[in-house]
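Visitor: Construct all of the structure, not just a fragment, from the sequences and the given hints.
Here is how the chains run, residue by residue.
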Amino acid sequence: MENLIALLIAAPLLGAAVLLCGGRRLDAVGQWIGTVLAAASFVVAVVLFADMLGKSPEDRTFTQHLYSWIAVGNFRADVGFQLDQLSMTFVLLITGVGSLIHVYSIGYMEHDERRRRFFGYLNLFLAAMLLLVLADNYLLLYVGWEGVGLASYLLIGFWQHKPSAATAAKKAFLVNRVGDMGLSIAIMLMFTTFGTFAFGPLLGTEGHPGIAGDATEGKLTAIGLMLLLAACGKSAQVPLQSWLGDAMEGPTPVSALIHAATMVTAGVYLIVRSAAVFNAAPDAQLVVTVVGGVTLLFGAIVGCAKDDIKKALAGSTMSQIGYMVLAAGLGPIGYVFAIMHLVTHGFFKAGLFLGAGSVMHGMNDEVDMRKFGGLRKYMPVTFVTFGLGYLAIIGFPGLSGFFSKDKIIEAAFAKGGTEGWILGGVALLGAAITAYYMTRVMIMTFFGEKRWQPDAEGHEPHPHESPSSMTIPMIVLAFGSVFAGGFFSIGDRFLHWLEPVTGHSEGDSPVSALTVTLATMVLLVVGAGIAYLQYGRSSVPVTAPRGSLLTRAARRDLYQDDFNHVVLVRGGEHLTRSLVYVDHTLVDGVVNGTAASVGGLSGRLRKLQNGYARSYAVSMFGGAAILVAATLLMRAV
Amino acid sequence: MSFPLLTATAVLPALGAIATAAVPAARRVAAKWLALLVSLGTLALAAVTLARFDPDGARYQLTESHAWIPDFGVRYQLGVDGIGVALVALTALLMPFVILAGWHDADPHETGSRRWRPTQGFFALILAVEAMVIISFEATDVFLFYIFFEAMLIPMYFLIGGFGDRAHEHGDEAAATQRSYAAVKFLLYNLVGGLIMLAAVIGLYVVAGSFSLQEIVHARADGSLHMATSTERWLFLGFFFAFAVKAPLWPLHTWLPNAMGEATAPVAVLITAVVDKVGTFAMLRFCLQLFPEASKWATPAILVLALISIVYGALLAVGQRDIKRLVAYASISHFGFIILGIFAMTTQGQSGATLYMVNHGISTAALMLVAGFLISRRGSRLIADYGGVQKVAPVLAGTFLIGGLATLSLPGLAPFVSEFLVLVGTFTRYPVVGIIATFGIVLAALYTLVLYQRTMTGPVKAEVAEMPDLRVRELLVVAPLIALLIFLGVYPKPITDIVNPAVKQTMSDVQKKDPQPEVEAAK
Amino acid sequence: MNPVNYLYLAALLFTIGATGVLIRRNAIVVFMCIELMLNACNLAFVVFSRMHGNLDGQIIAFFTMVVAAAEVVVGLAIIVSLFRSRHSASVDDASLMKL
Amino acid sequence: MTANLAAYSTSTGEAFQFWVLGTVAVIGALCTVFMRKAVHSALCLAGTMIVLAVFYLANGAYFLGIVQIVVYTGAIMMLFLFVVMLVGVTAADSLKETIKGQRWLALLCGLGFGILLFAGIGHASIQDFDGLAKANAGGNVEGLAALIFTKYVFAFEITGALLITATIGAMVLTHRERTERARTQRELSEQRVREGKHVPPLPAPGVYARHNAVDIAGLLPDGTPSELTVSKTLRDRGQIRDVSADALRDLKALEQRAEERLERTKPEEASK
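Same order as they appear, the protein sequences are chains A, B, C and D.
The opening residue of the first sequence carries number 1 in the working numbering; numbering runs sequentially from there.
The opening residue of the second sequence carries number 638 in the working numbering; numbering runs sequentially from there.
The opening residue of the third sequence carries number 1161 in the working numbering; numbering runs sequentially from there.
The opening residue of the fourth sequence carries number 1260 in the working numbering; numbering runs sequentially from there.
Rather than coming from a laboratory, the hints here were simulated on the basis of the structure.
Computed from a prediction, not measured in an experiment: that's the story for all the values here.
Backbone N, C-alpha and C fix where the C-beta goes; we use that ideal spot for every residue, glycine too.
There may be inaccurate statements among the hints.
[Said to hold, decoys possible] Straight-line C-alpha distance at most 30 Å; calculated DSS-like pairs for lysine-lysine:
1. B:1149 - B:933
2. A:607 - D:1355
3. A:219 - B:1149
[Stated by the list, open to error] To list a few chain A residues with every Cβ distance to chain D over 10 Å, as calculated:
4. 17
5. 64
6. 115
7. 162
8. 208
9. 279
10. 387
11. 487
12. 526
13. 563
14. 578
15. 581
16. 588
17. 601
18. 622
Guide: Have a look at this one:
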């Protein structure tokens, strides 16, 4: 049974290989090949899951060793897989949501001539993401880590003819590379500190504690911070968050799959997976929570101001991942809830993005919410599914988000001390802002009067419901958004499932769970109410008003991008330009200068060779005289 | 005495060069096929060598030794260790692709050349370079090595100066001027390095009384040959300077962008993927083995220079306007990594560096040859002249992207393994150096993706709208290289198995041990 | 008188001849100076012959004369043909050795 | 005298002869170098050579002495004179130096070399003179012949080959094969027109003048002399006689005489 693990990856990888190398012959059937192989992977995952459920919690770690990849000295990296409860959770999410989005894409990308390629990239992404979560050592994880980065690059830039898409793709890859640098330094640190970076010996398995805790705290903090840097890059956390908004240039299914449900959560996976390291490095944990808290607010604020529906959702994603990172930084009290929120977020955010895609599909690819309005009548299915996703994300009682987010807020308070109050307060505030911006999106898109206008060529959009290939995945995801949280929480099913891997401890919360829930409810209502007052009661202007200072700042991603642009891009341009100049004038100048001075010297010496035989005769004669002199001198001596 | 396999591997291309040059003027196509067949034959011989090589056997295998100039103790002495055999295999492997990629580069009607029999000359010169490079990798006699180390400059000079890239922004006249400038610069730069090395070679003979690598190493090991510290350092510097020019190491690098920019793409591949490797290879074989103490003495300075090369090369690559010069500066950055790995004096570093030489050869060949195909279609080397190629020539763009991704060391492709090994190997001994070098991977992503974005994506430029996609011949060149990149990225064991024992030997020569991890893994 | 004085004389003549070669521009005069140098040598050989008491020195001088004769014949022929093509017998006019 | 040749020191007669003739030889050599005209150089050289012949004789080299006079002075120097006449006079005869620093360098080298030679000779310890009495006992010519045809026979034969080669070489060098058709007068005139200079034939000497000697330049209409009218050789030698002023002066004198004859002058006024 354990040998099936490789099949999980192999299926989508085969799909990618066939679709990308297959050529035009496969254009007609490309989408089916891709979808079937993604679904096959999901089926394998379900089989493995069933098998895993049949075992006792202690025996649920499956491993499969394929071959020795790199072996030099005591540096050993194998290609091997480890499937435990944590990985299983991810595998199910990835293959499940992934398959749904494949199905969705069949409809969404129907008219794109490069559809085959799109499905190839999607399959490539699935393979890389599965490799990321299944790897049994950090180096192999790194392969998956960069693999998803590559897939993300290819998919963001899928519409390459648009310069904005190409730039966004490049930016995403570069920012991620900065994070990757963190991961590679972390691996190097692990190797020098422990002599290994395999999960087994390092992090330990059930009953066999790893050696991660044996190192000095300074080393562990360094490793932890480097892992956090990696997580920041992949999960769009401050300060490496800038790429996510631009990444919305990609096709919407991509935004749903990669930039909402799966890839961006890889950072959370990394932190939770490295729990053994973080548990022994409290300073690193503190930084993780701070990053999570800051991003939580950052994303939420940005999400409030965006008029582009996808960018608003991207801000929301950032913010929700901030919750997860915050939870992961809390240590054993938060790991499980981080993952739980990750899964529920996977459902509802994917559903929201698919809904947004459906809206765009019906609106001639318009993304400006100010040009939507009143769409509920035209797209009932989209409206309902989107609405359920909306309720889930704001934490409406009984829906998924309610259970997972509430737990995180509780856990933040449970951290204790001033930190606990601050983190808990931030999380609560975040919940309020979430309610605000999501209500804003909801109202601007589906309620109010219709505001759409003919496009440049005079085509009036005709909003219509999407085909069933698109609506069915949305319905399935909406189903998940509604029930997943409850299903997980009743009887602490999820907690018991993950506990063997991540460990769990109940914190000592200064605030009771009920108080937190009530406070959340109140803030939720306040947030949603303000949004309703602002957008539901009065009509929405089609062109964005200038807005307050904060709004303008939020529209520009709180000027963080501008900072990057001025400092890194402009500065880098100046640096490279001056270096090119230096290379040409100084480094090469020295070389050419040497050459020129040798040339000048020979030019002067050449004048001795004036071509007159008599001149040469003088030198001959002089030479003869010198020879005679030398002979005589030698005789004399 | 058994069949002289190593000699045969070098002699076959040499004979092939003569035969190709002798093909009658009218039979140009025959010359091409002959060159291709000879290179394939050499590849077969190299494969046999690789198969006959026993990684766990003696250090130097398949050895041959004959007296050559008895008066000076110069011997015709060949032998390969794991590092040498890997590089011989790389050289033999790349040549058929270089020849195939340059199939039309020397056609008189294409180049408008009035030279006498250009095609025959072009392919004969390529084979001559191959022969000389192979024998350099095989020589275990310092003098023999020196001769071919220098002699390969001659055919390279003619290849750069005689068969340059026709795509030049200021027309043919300027191209010819630039080309001869580049060729002369290449020659003089390397000659200066070579002459300094010659002095060191003679000095070594005076001190050691022998040119034989093994003899000297043995004599030094058992104490029968003592070198004064300062003598050893001077000799080391003499050797190292020549290799640093060839490699090239900052600040001795400025010949490379000119040479690679002006040469045709296959010749540029020849320069960076094959000929330059002799420099790094020689550092590993001659500098470290002959002068272990001096190598350790010079390590800090060399590491700093290598770091500068990595960052500087990458930054300059970002600032280039010319595709081929960009690849050249990227190569400078990569050579920084190789030298870093060699002088980190760890097993991982040196194995990684050797692997890096092989992988860099393949990846640069892939990127540069595709870039060459691209340039030959549009007739311009300027990045700004392209745009939207992806739309009209998706296969070309795809292969270009894969070549680029290999250059930025994407995991899953071969260069990643080597680059990571180098970084780890460096990091274990010099953490700060390792971290700074890691910045190189971000910069690598920057220059590669900027290049890809500016040339391949965006709206289709009018001039490239009619651009044909890769032809069958071109696909034949690129596809195997890409397959190899993926294979070695996923399964580098065939090479590491061969290289590891040799690296272990070198490490014991310099009497260095890997740093041990702070926390021993509980088994 | 010591016969060594003959050698001094030979040296003096040789030097004068050599200087003449360097100073004069007319190829014919240059040639004459060369002849002067050869004659100085011959004188030295003859004196050596007397010093050593055998005739080998004279034989060498004899051969020198033969060679000088041959040289003059060819040299003058060269001058004549040079003059024909360049209308000058100046050695400076034939400065094509310059790049 | 022959017997004395064996002596270490020489007779007074020989010493006298040496000092007198040696001086002559040195003067001749110097003149060879410094005479402006090649003919003079050649004659001075011949003088030096004759002196040297006498010295050969004095040193017991009778055969060589005669050969020196007959072959060298008689044949070779005459060949020189022939060539001098053939080549004519050129600007090269000037002693003016054209290469910067050449003369000083040459003198310096010569002086240094001479000093070195003198030092060398002085340094060499030449003690005993064997003299040629024994060697010349059977006759100088016979002695030489015995050596030439035995010990030096190969060298002798090779010099023979050398002489033949030199002869043929000289013939080849001076022989001029006419490789192209001689140009007709028409072609020559066309060439002159094409080149645009001296379209008409060169002017004859003495036109517009009362002189027609070859060394007198003809006068142009404005009374200035035209060098073109004089042969190149004379021009190079600087032997042109300028009579432009003469003509005017003559004219003036003529006018004066005519005036006097026509009694236009007033002697009384002149006498006043």
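Visitor: State the violated hints by number, sorted upward, taking the hints as numbered earlier in the document.
Guide: 18
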